[in-house]
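We have chain A; now place chain B onto it with these hints.
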Amino acid sequence: MAFAVNNRGAYTMSKDFIQIETDVLVVGGGVAGSMAAIPALEAGLKVVICEKGKVLDHCGSIGCGVDHYLTIMDSGPEWDTPEFLIKHVPELTDGIVDMEVAGRVIREMPRIFRKIESLGVDFRDRQTGDYYRLRSFGLPGTYHINFDGTDFKKHLGERVRKGKATVLMRTMVVQLLVKDNRAYGAVAFNFRTGEWTVIRAKAVVLAAGDVNRISQNASGLSFDSWHIPYNTGDAQAMGYHAGAALANMESVEATLTPKGFSCQGLNALVSLGAYFVNKAGERFMFKYDKKGENARRAVIADGVINEYLLGNGPIYLDCRHLPQDMLDRMEHTLQVDRYTLPAYYQQKGVNFREELVEVSVSELSIRRSGVYFRGSGLAVDTNGETAVEALFAAGDCATVSGGISGAAVLGHIAGEGVVQRIRASSGSLPALDLKALAQIRAQSEAHLQQESGLPWKDHEETTRQTVSDYVGVRRNDRGLRMALDTLCALAKREPTMKADDLHGLMRVHEAKNIRMNAEMMATASLARQETRTGSSHFRMDYPKTDDVNWRKFVIVERGANGPVTRTLSTDQPLSAAFSRGNTAVAA
Amino acid sequence: MTTAKKEVFNPIRINPETCVKCNLCDWICPGDLIYKEEDNRETLPVIKYPDECWYCGLCQSICPTNAITVVFPEQMIHNKTEVITLLGKVAE
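Respectively, the protein sequence lines represent chains A and B. Sequential numbering of the first sequence, starting at 5, is according to our numbering. Sequential numbering of the second sequence, starting at 13, is according to our numbering.
Chain A extracted, bound-state conformation (with noise of 0.2 Å):
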């Protein structure tokens, strides 16, 4: 295979690859990603972005628009300083954080919040002109804006497309190219056209977002999840092959939806005053935090899940005793979030502000376990940098997570991150392994030559089901080891996984990174022996939470035979455990 400069310079064609030479590679368009390419593109880098979607404008975790916000404002009290906030970190995350890099999202917010401003965003309400911030999730201050972000990500999708960024659209990253711990691009293909690019890049970015499609849900259909279904964890399993380091992919998360129909709201719903009450009527959520409904999203939803296996369901919304303004307020904010919210209601029947709405537990997602500041994914330093040199993670893939803001802040520090580590960084990138690409992609379009293989629905199907059967929210020893088994009984079949054409095939790679999620979950739930966070991580064997011994984050990293696991206390930042050495390059 023979590549040949074109007259653009930074392409090349083969009869295998596209190849393109780029500064800066980022996976996903979504919120992080989008602002992670902001800073490098206004440094003059050049930066390429490869997107599973075909647009920049909506959110990458929820698709459509924003409907809140959570930022320090620095407006005077003092709940409203960075200061204030990490202080309450530690209880808000049941002391399983890495405070530095929190540290650094919280200072960072009001900064990120005024330049998000600057790009176009309108965060005041529109009726007063003032900002309307609102209190939830256990947070100790009103610092949710509440405002209507329909356009919210089109702003920022906006200045990427004018800072020139080059969009791969449809595009899937299969595998990262790495080399001596230091990453140097990846591998993709266009799920439309069949084209395979190799992207060489100076740095990486993994914006990819959170882990859905992984367990059961009220309705059945495997799509019908919270947050995107789209997103698979394919940063998490790609840089988890690349051998960066990951943490808290115990917790899992969950929230609660109208039964049936898995979608956003829950923030809106609570931070406006909605109760919810069991089957005898009792709003019951002061039985489970002091906060009542005001409590984290993860007590919310463990004080449901309890009330379930208690027998108290079915469990209800409650809005009627809301005053009409409110619930004008809370109609249009939900159908900010999720679009469908009001036709669905519709045909049902459903007249949420007079009537009872039955909920459910969501499906189960590897996120931020229902905390602000704790994510389960790639462990980053206070760069956004991983355990592998030049491979950064922001948003809900990274270790520290806080919903759009978290991936906003974290995002744009990567950005800033990867111009320094590329200004530090001298030689050039390694020449690419012709053979290894062509074999990269002759393995994944053999799934497309398969005739009777293991279709990807049934593979994910196995997943989920053992998921939610023994790594969801009552696991003991014995059913993590049995879902292990399971688990890699299933990584054996993959080779024989079949694709019927190319957006199959690409539903195969992301079946493989939910299942490699899984196997994650299952081995980091293993090695936790206590509880913590309530169901995030409920261990019936071990139902008590053990400060004394597990104050530790457990770290999952690639073995001779798959996951490994070791722990590091959290009075250390997880960069404590990167071999290239816990010290972000200097700016």
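Hints listed in this document are in silico derivations from the structure and should not be mistaken for laboratory results. On a predicted model such as this, the values are computed, not experimentally measured, just so you know. Errors might be hidden in some of the hints.
Said to hold, decoys possible - With a straight-line cut-off of 25 Å between C-alpha atoms, the simulated PhoX-like cross-links for lysine-lysine are:
| # | chain 1 | residue 1 | chain 2 | residue 2 |
| --- | --- | --- | --- | --- |
| 1 | A | K283 | B | K92 |
| 2 | B | K101 | A | K283 |
| 3 | A | K502 | B | K60 |
| 4 | B | K101 | A | K461 |
Below, chain B without anything else, positioned relative to chain A:
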């Protein structure tokens, strides 16, 4: 474990009378489910992978002629699942 063959529910109804065959629904679908033949104003969009729909409604929201309606299936509208069945098994 095998996936049972069953009739796939179509989550999106496209009105052929009002659809202007513009490609926007194909362009915006985050799941790569809607395929519209480009540069052909005669053909309607096709929901190629209906069981992979997220019911986000972005196609409906962007449609310039309101030709798209998202329709929820029975198991989402009138769900009969016992929530406790989602809460795991206890391995003895």
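Hints and how they fare:
Restraint check for K283 of chain A and K92 of chain B: satisfied, since their Cα atoms lie roughly 16 Å apart, inside the 25 Å limit. For the proposed pair K101 of chain B and K283 of chain A, the alpha carbon gap of about 23 Å is at most 25 Å, so the pair holds. Among the hinted pairs, K502 of chain A with K60 of chain B is consistent with the structure: their alpha-carbon atoms are about 18 Å apart, no more than 25 Å. Taken as a hint, the K101 of chain B and K461 of chain A pair is honoured in the structure, with Cα atoms around 23 Å apart against an allowance of 25 Å.
No hint from the list above goes unmet by this structure.
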